[in-house]
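Student: So the chains spell out like this:
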Amino acid sequence: MDTNNTGDLIRRPSNALAKRPEPLETPVTPVADIYETADAFVIKLDMPGAVKNSISVIVEPGILAVKGRIDSLHRESGKLVFSEIGHRSYARRFNLGDGVDSGNIAAVFENGVLGITVPKTESLKAHEIIIK
Amino acid sequence: MSLIRWNPTHELDRWPSDFFGIQREINRVFDNFVRGGVQADESFMTSYWTPAVDIAEKENEYLVKMELPGVNKDDVKINLESNILTIKGEKKQEKDEKEKNLHRVERSYGSFQRSFTLPTTVKSDKIDAVFKDGVLSISLPKAEEAKPKQIEVKVK
Numbered sequence: 001m002d003t004n005n006t007g008d009l010i011r012r013p014s015n016a017l018a019k020r021p022e023p024l025e026t027p028v029t030p031v032a033d034i035y036e037t038a039d040a041f042v043i044k045l046d047m048p049g050a051v052k053n054s055i056s057v058i059v060e061p062g063i064l065a066v067k068g069r070i071d072s073l074h075r076e077s078g079k080l081v082f083s084e085i086g087h088r089s090y091a092r093r094f095n096l097g098d099g100v101d102s103g104n105i106a107a108v109f110e111n112g113v114l115g116i117t118v119p120k121t122e123s124l125k126a127h128e129i130i131i132k
Numbered sequence: 001m002s003l004i005r006w007n008p009t010h011e012l013d014r015w016p017s018d019f020f021g022i023q024r025e026i027n028r029v030f031d032n033f034v035r036g037g038v039q040a041d042e043s044f045m046t047s048y049w050t051p052a053v054d055i056a057e058k059e060n061e062y063l064v065k066m067e068l069p070g071v072n073k074d075d076v077k078i079n080l081e082s083n084i085l086t087i088k089g090e091k092k093q094e095k096d097e098k099e100k101n102l103h104r105v106e107r108s109y110g111s112f113q114r115s116f117t118l119p120t121t122v123k124s125d126k127i128d129a130v131f132k133d134g135v136l137s138i139s140l141p142k143a144e145e146a147k148p149k150q151i152e153v154k155v156k
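Chains as they are written, first to last, in our numbering: chain A, 1 to 132; chain B, 1 to 156.
Everything labelled a hint here was simulated from the structure, so no lab data went into it. Please note that the accuracy of each hint is not assured.
[What the hints assert, rightly or not] Partial list, computed: chain B residues near chain A (C-beta under 7 Å):
#1 52
#2 58
#3 69
#4 101
#5 104
#6 105
#7 107
#8 135
Glycine residues also receive a C-beta, built at the ideal position from the N, C-alpha and C atoms.
When you get a sec, could you build the whole thing from the sequences and use the hints?
Tutor: See below:
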């Protein structure tokens, strides 16, 4: 028997106990406004307190998935006397239809609001028909 | 239309990970209804809303966090009067957004006001507020007499 392995097995549970467990994260669906401009769809999601580098916007065929985490007061010392925010994470998925240029989706995080611009493809844009 | 309408029943498929999301959604709709968020004489966009708050007590201070995504810093007022902390303000809808073809409006706009009674005295001149990533953080240092004191026990 490998003695190193046995040592590992013994050490692991004790490490787990020594580490204070993270408070349970509450997954939250961030509220969103969606509007349409001449050449794009714009999604605005309220994600207050989200840590910028925790935010991910993933584009899969037909799906746009948004994720993010916040830094909660739990992390800081002191006891929470009133809590409505708590320890939460954000996640939401949107279905993308045909006619969107999924390769050119842009996202900006500003003042707790994640703005995603989904450009339309030429086929979906309004065209003026010239009368001859 | 290119974006497909969000179907809440799809969320049920991913239970339990999205269970709290549904619960929150129900709470939100219910809260809006109970509070009478939509005023009869006002347009839908100027309804009242209640931003979420966390309050933590530390040894030397209270820490208040309020979620105000998309709110302009200058539209927020903080007031402390005889231990009652009041935060009020307004979330304005961007002008250009109003004229666009709206598909979905879930975010709240309009005035808000919340008051909290602080259990101990606070140094009102040392209050510090920071607004970052849509979260307003207010630090309220406790007055000297409110801080925990260690009393030395002398053994004779």
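Student: State for each hint whether it applies.
Tutor: Taking the hints in turn, this is what the structure says about them:
no.: 1; hint: 52; in the structure: 4 Å, holds
no.: 2; hint: 58; in the structure: 4 Å, holds
no.: 3; hint: 69; in the structure: 3 Å, holds
no.: 4; hint: 101; in the structure: 4 Å, holds
no.: 5; hint: 104; in the structure: 4 Å, holds
no.: 6; hint: 105; in the structure: 5 Å, holds
no.: 7; hint: 107; in the structure: 5 Å, holds
no.: 8; hint: 135; in the structure: 4 Å, holds
In terms of the numbered hints stated before, the structure departs from none.
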